[in-house]
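Engineer: Single-letter residue listing:
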Amino acid sequence: DQQVKQNSPSLSVQEGRISILNCDYTNSMFDYFLWYKKYPAEGPTFLISISSIKDKNEDGRFTVFLNKSAKHLSLHIVPSQPGDSAVYFCAASGHSGAGSYQLTFGKGTKLSVIP
Amino acid sequence: DSGVTQTPKHLITATGQRVTLRCSPRSGDLSVYWYQQSLDQGLQFLIQYYNGEERAKGNILERFSAQQFPDLHSELNLSSLELGDSALYFCASSVLSGALYNEQFFGPGTRLTVL
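Chains as they are written, first to last, in our numbering: chain D, -11 to 103; chain E, 3 to 117.
Bear in mind the hints are in silico, worked out from the structure with no lab data behind them. There may be inaccurate statements among the hints.
Listed below are the simulated BS3-like cross-link pairs for lysine-lysine, each with C-alpha atoms no more than 27 Å apart in a straight line [unchecked claim]:
(1) D:LYS98 / E:LYS11
(2) D:LYS59 / E:LYS11
(3) D:LYS56 / D:LYS98
(4) D:LYS95 / E:LYS11
From just these sequences and the hints, can you work out the full model?
Structural biologist: Here is the structure:
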C-alpha cells in the first residue's frame, strides 16, 4: 500500500523552462511534506518543505504547492537548469507513535534538464 | 557533504551470509534512521533510534537488526542474506525525534550486492 505516489518515473524539460513534479498521498494524517533531491552516488538532500496549514512555499527557483482537498502536491522549478537534473523524492511526515514522526517517501521522479 | 558518514560504500557478499553496515550521524544529532532503497523503489523506512533507544520500526525484516551505541553511531546487521536484499541502504540523522518538522540528513549510502 503506497501512501505517497509519484506517478511519473521520469521527466525531461528544456533548460530555462518550468519543471513540474507531482506527488499524491493517501494518508490524511500526513501534515508536513518535503522534497528531497538525489544525485547519483549521493544520499538525498533536503530541498524544500511545506506545512499542511499552508498551500504554497517558495524558495528561490523552487516552489511547492499543496492541495489538501486533493491530497496532491507539486514542485515547480523555474527556470530549470542542467544542474537540476537529479531524482526528486516527495516525502510526507506523520506521527508513528512513541513521540516519533516518520517520513514516508515516494518512488522518485528522475528529472532531466536538456541544455 | 551532509556530515553523515556510512561505511562501507560497497559490499558484495553471498546468500546466507551476514553483514554489518555502519553509520555515524552528524555531530549533535541524536536520531538515526535506516532506509532501504531497492531497484525502482522509493526509500523504505526500516528503523529509528534516538539516543541509544529504538524509537520506531518500519518495514524491517526479522533477519535485520540495528543498534545505536553510546557514541551515537549506529550499525545495521543483515543476516541470512537473500538475493532480494540487494539494495542501497541509507542512514539519516536528525536532531530531534518527536518533531513534525523532521528534516533528516542522509549519508551517501552503502550499496549491498548479494550474489
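Engineer: Now look at each hint and say whether the structure bears it out.
Structural biologist: Hints, verified against the model:
1. D:LYS98 / E:LYS11: holds, 23 Å
2. D:LYS59 / E:LYS11: Given pair D:LYS59, E:LYS11 is violated - Cα atoms ~37 Å apart, limit 27 Å.
3. D:LYS56 / D:LYS98: holds, 25 Å
4. D:LYS95 / E:LYS11: holds, 22 Å
Violated hint: 2 only; the structure is consistent with all others.
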